[in-house]
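Here the structure of chain A is known, so what remains is to put chain B in place on it, guided by the hints.
Which chain is which? The protein sequence lines are A and B, in order.
Note that the numbering used here numbers the first sequence so that position 142 is 640, with each residue one more than the last.
Note that the numbering used here numbers the second sequence so that position 63 is 144, with each residue one more than the last.
Honestly, the hints are just simulated from the structure, not real lab data.
Hints should not be assumed to be uniformly reliable.
Said to hold, decoys possible - Pair ranges (Cβ atoms, derived):
#1 A:GLY819 x B:GLU121: 40 to 46 Å
#2 B:GLU132 x A:HIS903: 47 to 53 Å
#3 A:PRO612 x B:GLU151: 16 to 22 Å
#4 B:GLY101 x A:ARG726: 30 to 36 Å
#5 B:LYS150 x A:LEU734: 27 to 33 Å
#6 B:GLU121 x A:THR875: 33 to 39 Å
#7 A:GLN757 x B:LYS150: 42 to 48 Å
#8 A:ASP704 x B:ASN97: 57 to 63 Å
#9 B:SER139 x A:ASP914: 38 to 44 Å
#10 B:GLY101 x A:GLY818: 49 to 55 Å
#11 B:GLU121 x A:THR544: 30 to 36 Å
#12 B:LEU144 x A:ALA772: 47 to 53 Å
#13 A:GLU682 x B:GLU121: 42 to 48 Å
#14 B:GLU121 x A:ARG726: 28 to 34 Å
For glycine and all other residues, C-beta sits at the position ideal for the given N, C-alpha and C.
Residue-level listing of the chains:
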Amino acid sequence: MDQTMRERTGGRPGVPAAASHGEPTGAVAVAQGVHWIGALDPDLRTFDVILRTANGTTYNAYAVRGRDGVAVIDTVKEDFTEAFLARLEQVARYDEITALVLTHLEPDHTGAVPELLRRAPQAHIYVSHRGLMVLRGLLKDDLEHRAYTAVDTGDTVSLGDCTLAFLCTPYVHWPDTQCVHVPERRLLFTCDLLGCHFCDGRLFNDRVGDFRFSFEYYFEHIMRPFKRHVAGALDLIEPLEIDLIAPGHGPILRAHPRQYIAQYRRLVDPRLRAEVGRDEKTLLIFYVSAYGATARMAQAIHDGASENPHVRVSLYDLQGGEVAPFVNLIEATDGLVFGTPTINGDAVRTIWDLLSGLVDIETRGKLGAAFGSYGWTGEAVRMVEERLRGLRMQVPEAGLRIKLHPTDAELEACRDFGRRLSGHLTGHLSGHLSGSAAGPVAPKEIDMAALG
Amino acid sequence: MAKAKLTFSDVAITVNVPSGTRIIEISEKVGAGIIYGCREGDCGTCLTHIETGSEHLSEPSVLESKILKENLAGRHDRLACQCQVLSGEIKVRPA
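Looking at chain A on its own, in the form it has when it is part of the complex (with noise of 0.2 Å):
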């Protein structure tokens, strides 16, 4: 990497790049009439905020030729425009291109487009229909001098003696992500499904070393959120016959490319059965206590809610475990429960910190609920409250809150809130939300008013 590189990327001045193999000094062949062209950033350190790496990361763009024209599949982050269209000249010329599919619209793979399009106006561009909205924001008026077609699952745009079959694959992670499968080639342009953030110019799976963590770490965040998502887009995917996997991110998976493909459907399926039983909801109860009386409270909603044979409710005191391990529990489970004292007019830290770990996992549509004992002011609970609504949890029933020691009236009141919860959870309260993180069920009706 030269300076001029270096300086465009961002590095530290005097830190090396930390590619353990260089970048290729051209494109390079991935398939039969298919190559690679992409760029190398060795020293990206942190990725959208929320991701690190430890050596980078690739910004993959292909280009295939067929007979009667040639596609560009994505471009590169803006600052990487140079290294690709340099590239792209070695394999094709400007006025060859006849179409540029872009798998998502996220600035690291559209950052080139502008530039790529002022060079090869002709060039026909394939989106998803949700990506459209996107395109727009990112050529504004240009858009207009553009050929542009929305596409999705079944459609094909030929290349004469190939073909680019779309596969619309929303949400993963981006509302208008799709894969692209060239039949004749047996290959599959995944964009960020099955990559990863890993820096290596021997690029090939075969060649880079061990990337496994990095790939794992790329779906615990990236893709995790949107396991339901990445589980649709592998039922699309795994029918396919396929050679090559091209990522948008890190190695291309040239050898046992299905082996990443069955990775991903274990890392989408339960890892362990959580024994429990098809007719059985499931209630986890999490709190913290300073003198154990939102522990009392926490034990009689368990007792309460237990009363429900359809409901296995569980009680965990958070200052006995990690946050990891019950992210996990919580990603599988149909109802979550909070209780937490107020102290500083806040809700203790160790229930943000675990409220935050959430942002990993889906949440929408579980049940949520917070109770908490409290000394002066009580502010705790409705905070955690609106923290579970942002997290598109349904809050059915109002947040518990009891001044220092609950007397038995109050327990009985706490024991009244742990049925209710369970009830929303079988449905067998009425004119309250009830809905499952798990399974269509019949729509239940409330009215505008019980919403808050």
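This is chain B only, laid out in the frame that chain A set:
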């Protein structure tokens, strides 16, 4: 006040709403999967498919019609931040 039934099929919830309610006022509260961008009819992010009952919705404004057209929206797609539920039974899901 006239009422309508608005069903979000992705989360299987029906809400009884007064006539004139916009979908945006309800969808997030019930955890439906419709996502929003600008919330004022300009970006098209909240494109929503009307499964049944599109005749019970307010007519698209000039602004909504323009954004629907730009996004090549289908005949039964609307912007959840714009269209109002007027009467009857309407079933929607994210487009």
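Evaluated hints:
Checked against the hint of 40 to 46 Å, the pair A:GLY819 and B:GLU121 passes, with Cβ atoms roughly 44 Å apart. With their beta carbons about 51 Å apart, B:GLU132 and A:HIS903 fall inside the hinted range of 47 to 53 Å. Taking 16 to 22 Å as the suggested C-beta distance range, the pair A:PRO612 and B:GLU151 conforms, at roughly 19 Å. Checked against the hint of 30 to 36 Å, the pair B:GLY101 and A:ARG726 passes, with Cβ atoms roughly 34 Å apart.
Judged by the Cβ atoms, the range 27 to 33 Å given for B:LYS150 and A:LEU734 holds: they are separated by roughly 30 Å. For B:GLU121 and A:THR875, the Cβ-Cβ distance of about 36 Å falls inside the hinted range of 33 to 39 Å, so the restraint holds. With their beta carbons about 46 Å apart, A:GLN757 and B:LYS150 fall inside the hinted range of 42 to 48 Å. Distance hint check for A:ASP704 and B:ASN97: the Cβ-Cβ separation is about 60 Å, which falls inside the suggested range of 57 to 63 Å.
Taking 38 to 44 Å as the suggested C-beta distance range, the pair B:SER139 and A:ASP914 conforms, at roughly 42 Å. Against the hinted window of 49 to 55 Å, the Cβ-Cβ separation of B:GLY101 and A:GLY818 comes to about 51 Å, which satisfies the hint. Between B:GLU121 and A:THR544, the C-beta spacing of about 33 Å keeps the proposed range 30 to 36 Å intact. Between B:LEU144 and A:ALA772 the CB atoms are about 48 Å apart, so this pair conforms to the stated range of 47 to 53 Å.
Remark: the range hint 42 to 48 Å for A:GLU682 to B:GLU121 is upheld by a beta-carbon distance near 47 Å. Between B:GLU121 and A:ARG726 the beta carbons are some 30 Å apart, a value that agrees with the proposed interval 28 to 34 Å.
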